[in-house]
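**Student:** Since the structure of chain A is already known, use the hints to place chains B, C and D on it.
Chain by chain, the residues:
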Amino acid sequence: MQIKFEKTADIINQDKLAEGIYSMWLSVGEMASYAKAGQFLSVYSRDGSRILPRPISICEIDREKNAIRLVYRVVGKGTAEFSAMEAGMQLKVLGPLGNGFTKRDKKAFLIGGGIGIPPMLQLARELDCEKQMVLGFRDELFLMEEFEKQGAVYVATEDGSAGTKGNVLDAIREHGLTADVMYACGPAPMLKALKAYAAEHGIECWISMEERMACGVGACLACVCRSSEKDDHSNVNYKRICKEGPVFLAEEVRFE
Amino acid sequence: MQIKFEKTADIINQDKLAEGIYSMWLSVGEMASYAKAGQFLSVYSRDGSRILPRPISICEIDREKNAIRLVYRVVGKGTAEFSAMEAGMQLKVLGPLGNGFTKRDKKAFLIGGGIGIPPMLQLARELDCEKQMVLGFRDELFLMEEFEKQGAVYVATEDGSAGTKGNVLDAIREHGLTADVMYACGPAPMLKALKAYAAEHGIECWISMEERMACGVGACLACVCRSSEKDDHSNVNYKRICKEGPVFLAEEVRFE
Amino acid sequence: MNMKVDLCGVTLKNPVMTASGTFGSGEEYSQFVDLNKLGAVVTKGVANVPWEGNPTPRVAEVYGGMLNAIGLQNPGIDLFLKRDIPFLKQFDTKIIVNVCGHTTEEYVEVVERLAHEPVDMLEINISCPNVREGGIAFGQDPKMVEEITREIKKYAAQPVIMKLSPNVTDIAEMAKAAEAGGADALSLINTLTGMKIDIDRRRFVLANKTGGMSGPAVHPVAVRMVYQAAQAVQIPIIGMGGIMNAEDAIEMILAGATAISVGTANFTNPKATEEIVDGIAAYMEKYQVNDIRELVGAVH
Amino acid sequence: MNMKVDLCGVTLKNPVMTASGTFGSGEEYSQFVDLNKLGAVVTKGVANVPWEGNPTPRVAEVYGGMLNAIGLQNPGIDLFLKRDIPFLKQFDTKIIVNVCGHTTEEYVEVVERLAHEPVDMLEINISCPNVREGGIAFGQDPKMVEEITREIKKYAAQPVIMKLSPNVTDIAEMAKAAEAGGADALSLINTLTGMKIDIDRRRFVLANKTGGMSGPAVHPVAVRMVYQAAQAVQIPIIGMGGIMNAEDAIEMILAGATAISVGTANFTNPKATEEIVDGIAAYMEKYQVNDIRELVGAVH
Numbered sequence: 001m002q003i004k005f006e007k008t009a010d011i012i013n014q015d016k017l018a019e020g021i022y023s024m025w026l027s028v029g030e031m032a033s034y035a036k037a038g039q040f041l042s043v044y045s046r047d048g049s050r051i052l053p054r055p056i057s058i059c060e061i062d063r064e065k066n067a068i069r070l071v072y073r074v075v076g077k078g079t080a081e082f083s084a085m086e087a088g089m090q091l092k093v094l095g096p097l098g099n100g101f102t103k104r105d106k107k108a109f110l111i112g113g114g115i116g117i118p119p120m121l122q123l124a125r126e127l128d129c130e131k132q133m134v135l136g137f138r139d140e141l142f143l144m145e146e147f148e149k150q151g152a153v154y155v156a157t158e159d160g161s162a163g164t165k166g167n168v169l170d171a172i173r174e175h176g177l178t179a180d181v182m183y184a185c186g187p188a189p190m191l192k193a194l195k196a197y198a199a200e201h202g203i204e205c206w207i208s209m210e211e212r213m214a215c216g217v218g219a220c221l222a223c224v225c226r227s228s229e230k231d232d233h234s235n236v237n238y239k240r241i242c243k244e245g246p247v248f249l250a251e252e253v254r255f256e
Numbered sequence: 001m002q003i004k005f006e007k008t009a010d011i012i013n014q015d016k017l018a019e020g021i022y023s024m025w026l027s028v029g030e031m032a033s034y035a036k037a038g039q040f041l042s043v044y045s046r047d048g049s050r051i052l053p054r055p056i057s058i059c060e061i062d063r064e065k066n067a068i069r070l071v072y073r074v075v076g077k078g079t080a081e082f083s084a085m086e087a088g089m090q091l092k093v094l095g096p097l098g099n100g101f102t103k104r105d106k107k108a109f110l111i112g113g114g115i116g117i118p119p120m121l122q123l124a125r126e127l128d129c130e131k132q133m134v135l136g137f138r139d140e141l142f143l144m145e146e147f148e149k150q151g152a153v154y155v156a157t158e159d160g161s162a163g164t165k166g167n168v169l170d171a172i173r174e175h176g177l178t179a180d181v182m183y184a185c186g187p188a189p190m191l192k193a194l195k196a197y198a199a200e201h202g203i204e205c206w207i208s209m210e211e212r213m214a215c216g217v218g219a220c221l222a223c224v225c226r227s228s229e230k231d232d233h234s235n236v237n238y239k240r241i242c243k244e245g246p247v248f249l250a251e252e253v254r255f256e
Numbered sequence: 001m002n003m004k005v006d007l008c009g010v011t012l013k014n015p016v017m018t019a020s021g022t023f024g025s026g027e028e029y030s031q032f033v034d035l036n037k038l039g040a041v042v043t044k045g046v047a048n049v050p051w052e053g054n055p056t057p058r059v060a061e062v063y064g065g066m067l068n069a070i071g072l073q074n075p076g077i078d079l080f081l082k083r084d085i086p087f088l089k090q091f092d093t094k095i096i097v098n099v100c101g102h103t104t105e106e107y108v109e110v111v112e113r114l115a116h117e118p119v120d121m122l123e124i125n126i127s128c129p130n131v132r133e134g135g136i137a138f139g140q141d142p143k144m145v146e147e148i149t150r151e152i153k154k155y156a157a158q159p160v161i162m163k164l165s166p167n168v169t170d171i172a173e174m175a176k177a178a179e180a181g182g183a184d185a186l187s188l189i190n191t192l193t194g195m196k197i198d199i200d201r202r203r204f205v206l207a208n209k210t211g212g213m214s215g216p217a218v219h220p221v222a223v224r225m226v227y228q229a230a231q232a233v234q235i236p237i238i239g240m241g242g243i244m245n246a247e248d249a250i251e252m253i254l255a256g257a258t259a260i261s262v263g264t265a266n267f268t269n270p271k272a273t274e275e276i277v278d279g280i281a282a283y284m285e286k287y288q289v290n291d292i293r294e295l296v297g298a299v300h
Numbered sequence: 001m002n003m004k005v006d007l008c009g010v011t012l013k014n015p016v017m018t019a020s021g022t023f024g025s026g027e028e029y030s031q032f033v034d035l036n037k038l039g040a041v042v043t044k045g046v047a048n049v050p051w052e053g054n055p056t057p058r059v060a061e062v063y064g065g066m067l068n069a070i071g072l073q074n075p076g077i078d079l080f081l082k083r084d085i086p087f088l089k090q091f092d093t094k095i096i097v098n099v100c101g102h103t104t105e106e107y108v109e110v111v112e113r114l115a116h117e118p119v120d121m122l123e124i125n126i127s128c129p130n131v132r133e134g135g136i137a138f139g140q141d142p143k144m145v146e147e148i149t150r151e152i153k154k155y156a157a158q159p160v161i162m163k164l165s166p167n168v169t170d171i172a173e174m175a176k177a178a179e180a181g182g183a184d185a186l187s188l189i190n191t192l193t194g195m196k197i198d199i200d201r202r203r204f205v206l207a208n209k210t211g212g213m214s215g216p217a218v219h220p221v222a223v224r225m226v227y228q229a230a231q232a233v234q235i236p237i238i239g240m241g242g243i244m245n246a247e248d249a250i251e252m253i254l255a256g257a258t259a260i261s262v263g264t265a266n267f268t269n270p271k272a273t274e275e276i277v278d279g280i281a282a283y284m285e286k287y288q289v290n291d292i293r294e295l296v297g298a299v300h
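These protein sequence lines map, in sequence, to chains A, B, C and D.
Take the first sequence: its position 173, counting from 1, is numbered 173 in this note's numbering, and each next residue is one higher.
Take the second sequence: its position 84, counting from 1, is numbered 84 in this note's numbering, and each next residue is one higher.
Take the third sequence: its position 152, counting from 1, is numbered 152 in this note's numbering, and each next residue is one higher.
Take the fourth sequence: its position 141, counting from 1, is numbered 141 in this note's numbering, and each next residue is one higher.
Keep in mind that the hints were calculated from the coordinates and are not lab data.
None of the values given here were measured: they were computed from a predicted structure.
Check before you lean on any hint, since a few could be wrong.
Straight-line distance between alpha carbons at most 25 Å, and here's what the computed PhoX-like set of lysine-lysine pairs gives [claimed, not checked]: (1) D/K271 to A/K92; (2) D/K271 to C/K143; (3) D/K271 to A/K4; (4) C/K13 to C/K37; (5) B/K65 to B/K103; (6) D/K209 to A/K77; (7) C/K176 to D/K176; (8) C/K154 to A/K77; (9) B/K4 to C/K37; (10) A/K65 to A/K4; (11) C/K176 to C/K143; (12) D/K209 to A/K4; (13) A/K77 to A/K107; (14) C/K176 to D/K37; (15) B/K192 to B/K103; (16) B/K230 to C/K82; (17) B/K149 to B/K103; (18) C/K143 to B/K4; (19) C/K89 to B/K4.
Per label pair, the in silico range of CB-to-CB distance [to be verified]: (20) C/D34 to A/G20: 31 to 39 Å; (21) D/K89 to A/M85: 51 to 59 Å; (22) A/E86 to B/E6: 21 to 29 Å; (23) B/F255 to D/K37: 46 to 54 Å; (24) A/M85 to B/P187: 55 to 63 Å; (25) A/L249 to D/Q31: 22 to 30 Å; (26) C/D78 to B/R254: 22 to 30 Å; (27) B/K16 to C/N290: 53 to 61 Å.
Taking beta-carbon pairs under 8 Å as the criterion, some of the chain A residues facing chain D (in silico) [as the list claims (entries may be wrong)]: (28) K4; (29) V217; (30) C220; (31) V224; (32) S228.
For each residue, glycine too, the CB sits at the ideal point set by N, CA and C.
Pulled out of the complex, with its shape left as it was, chain A reads as follows:
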């Protein structure tokens, strides 16, 4: 069974990258050497009124420094609490959780939408092949410098303030990009569209799913997604995003 660690991590630093988007480097000990792109951590609130951990995807891993970088959006009181914390403070985390990306040595699309962008950074660093990073932002850009170090970056913004006006598929079409494998993380509508696009163009497609979680380790069956085939563990057409996922081959997942 995949090894997981419960760790009270020191916050190395925290920065605001854009409106409501924060970056936090955590000193997590040996957890770092087991973590890989596409996995996530459960981050626990320090306030007693919030009893469930927040699942946050791994943006970068520094195995020398035993550190993990989380880039997250403030969506509620829990993430707001995290964003107010400073270097030297501590956070309880559990991880690495989930399966992570399966890396294929083929010309690749790394596609991130909104807060689905951060996990693509560690993946880009781990992939040693031709990479095209297609990033869809609402408006304000973030993590651009880091991504540009990894290869060709194509941007789409909803308001057209940067790159292609529209979504990631609009950017792919505008630049006439092609690839043999696609890794994507972002909102369900985007993933659904990418699944269709990939099927149509014969592209191997890996998508990272999101759902409200409770345990984060596969015990509670809260964060499931519809599967095309009957799942071996659940014995029904549902897969556990925190356990069998969050990364699935697009064909495995059924979008309603």
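**Tutor:** Positioned in the frame of chain A, the structure of chains B, C and D alone reads:
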């Protein structure tokens, strides 16, 4: 109506005085100029799981520095939270609450038992008459230096490790002390005994009562004590400790 | 932007009221809150004669909430009419008197005494978990709820709000019973019965053993019951139970509450009621809601 | 110092069990907790055939707790017997299988399938608030509780624990009904029905609208009901509801629980169950309690 302030106070400093006994100076603004001996503050937890304020009696008031000193015992998670806080952090407080002591210009006993000792310090500082401070500790002494500056101090300890072995009345008897007025704060059994002693010796007796509180301002009727006469406000034989009290003339209070 | 709501003929300037028993008759909080800004003040429950209530300890803090077993201590209707009503009349807010009793006759006596007073509505507490007879006994049996409601309506000069207990299997059945008895409105939830034991002293924390639980911990149960009651009856519902801020209040309104009451939050934040009025206005602003009535029961 | 407790003939090495649905069949938590240290593992509910459960979102965090509406998704008894029982048999702990169904026949079918399996006890879930038929329908009516208990007892080879719903007016009545039907033990409380509304999107947070509330927020209600049930019946009670640490567990035992189950706490702290075992031992040490059975129902 007595003026009260809701204030987010800065912690000026915090010290551990004895095992489980902490001292905290708070910068409270103009609240300090209205506060007097025998009153208390409602101190709010910063953790969402604790929604009720903790009533803590005022130990000292520094009207120049607009500061109030609270000396409290760690009895649960709320007070444990306070004791872990450091200078520069903030605490929400409400006060000054309660009536405080009525100061009489007569030879006085200032009697404190356990965590009922701290409020006697500010009273000692405000009283300009012959003062005999009789302090009953479980074992470890605290605030002795401050009290000794105010006059004659007589100590009783349960384990006899200092002063008279026994309670405050044992100390009074051992030293053959007398007074015309008595101010006391401490556990109910002690106050009950002092009430009897005062009556027997014709001493005017003021006692500060304690009870589990909720609102702290007289609205919820949680922290009541039995009164000898029908109370004007409640129209029954109960008085509100947080409003009519916490200080009462001993005759007003009925101990079961 | 309209924040006025109509509660069976009585117009409140906004839907924010105080929860009975947590706000006295307003005097203690009037230096923290401008009572003129509240839709209504609901008084501490009053009986035909003074009640002593329960022995202490009467309250205990629990995780995300509190237990209380005050036992409806109150000065009785005579002093209440002499002191509390005149105090409240100084303010431009509606006055809702909470009425308690051990028997139907006691409730009726208080209701009659209030008939010619400047009181806007009556809230009948048939759900206090902390008094033996009366209180809960009435509130947990639909037949009794209907009967006592009908009895009280015979004598009431003002609209009657029946306050329901959440300690029941089917809140919709209770709501329908009160409506069938002629209730003009419902308020829910009263407190959930809970218990706390001191494991070091090995005894109950409350002298009454059990107490009524309130605070944010009960909010999801309150929202669910307000929703179920709103689906079951036509009369307006006053939603309460763990409302700590404007977000909680709006959630309750969306679930079907025409007005809301703020209780335990006053203990955590003396300015809670006023801040909730402002917070609701800010929400309406943000989402361009012109009339708060558009929000009542908008989620179903 | 003895921590062993007897649950209708089955001896647990200590009173700490897992709460059904929060711990799978132990596999996911076995790397955080030494299952050999637990009194018993109570499995996720299993039915005669695989159940898909409810659509997502299935969970929502609330103040001091959470709502869930999983809807009893389970792989069905066949796969369960092939995979989960063999896994649990590797450990020196008792195995309690939670059984769910829509009809009495479905419950009975699962109970019969388990008759010759290495299972120590059965926990019958007649109080799931998240499935239409079965579940709650049974758990809120004393006659049905008694009947289904009697039916199941006819076919059960192992002791039968009936899991009761807290969403009732009188928990003592339900407890007596189960005892009258022949239940060997009771477990309570299941979750309190709650609701959460997203005020920005103006819709229910859960696809199922309502969900079962658990976590520390419900603990005082659970303690009260365990106490009331313990006063009403002779059979042992397994107490659960918001137990986050050893203090909460001890409180439940003092109220009358012979054993306790830890549920939502596993999500807040994966090591919760083991830490609670150690914490109870430390408490007994501190107060020189030689036998944990001295604490059961010690406050009354």
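**Student:** Decide, hint by hint, whether the structure agrees.
**Tutor:** How the hints compare with the structure:
no.: 1; hint: D/K271 to A/K92; result: holds (13 Å)
no.: 2; hint: D/K271 to C/K143; result: violated (49 Å)
no.: 3; hint: D/K271 to A/K4; result: holds (12 Å)
no.: 4; hint: C/K13 to C/K37; result: holds (8 Å)
no.: 5; hint: B/K65 to B/K103; result: holds (24 Å)
no.: 6; hint: D/K209 to A/K77; result: holds (22 Å)
no.: 7; hint: C/K176 to D/K176; result: violated (29 Å)
no.: 8; hint: C/K154 to A/K77; result: violated (49 Å)
no.: 9; hint: B/K4 to C/K37; result: holds (20 Å)
no.: 10; hint: A/K65 to A/K4; result: holds (19 Å)
no.: 11; hint: C/K176 to C/K143; result: holds (10 Å)
no.: 12; hint: D/K209 to A/K4; result: violated (34 Å)
no.: 13; hint: A/K77 to A/K107; result: violated (40 Å)
no.: 14; hint: C/K176 to D/K37; result: violated (51 Å)
no.: 15; hint: B/K192 to B/K103; result: holds (21 Å)
no.: 16; hint: B/K230 to C/K82; result: holds (17 Å)
no.: 17; hint: B/K149 to B/K103; result: holds (19 Å)
no.: 18; hint: C/K143 to B/K4; result: violated (47 Å)
no.: 19; hint: C/K89 to B/K4; result: holds (23 Å)
no.: 20; hint: C/D34 to A/G20: 31 to 39 Å; result: holds (34 Å)
no.: 21; hint: D/K89 to A/M85: 51 to 59 Å; result: violated (45 Å)
no.: 22; hint: A/E86 to B/E6: 21 to 29 Å; result: holds (27 Å)
no.: 23; hint: B/F255 to D/K37: 46 to 54 Å; result: holds (49 Å)
no.: 24; hint: A/M85 to B/P187: 55 to 63 Å; result: violated (41 Å)
no.: 25; hint: A/L249 to D/Q31: 22 to 30 Å; result: holds (27 Å)
no.: 26; hint: C/D78 to B/R254: 22 to 30 Å; result: holds (24 Å)
no.: 27; hint: B/K16 to C/N290: 53 to 61 Å; result: holds (57 Å)
no.: 28; hint: K4; result: holds (6 Å)
no.: 29; hint: V217; result: holds (5 Å)
no.: 30; hint: C220; result: holds (6 Å)
no.: 31; hint: V224; result: holds (6 Å)
no.: 32; hint: S228; result: violated (14 Å)
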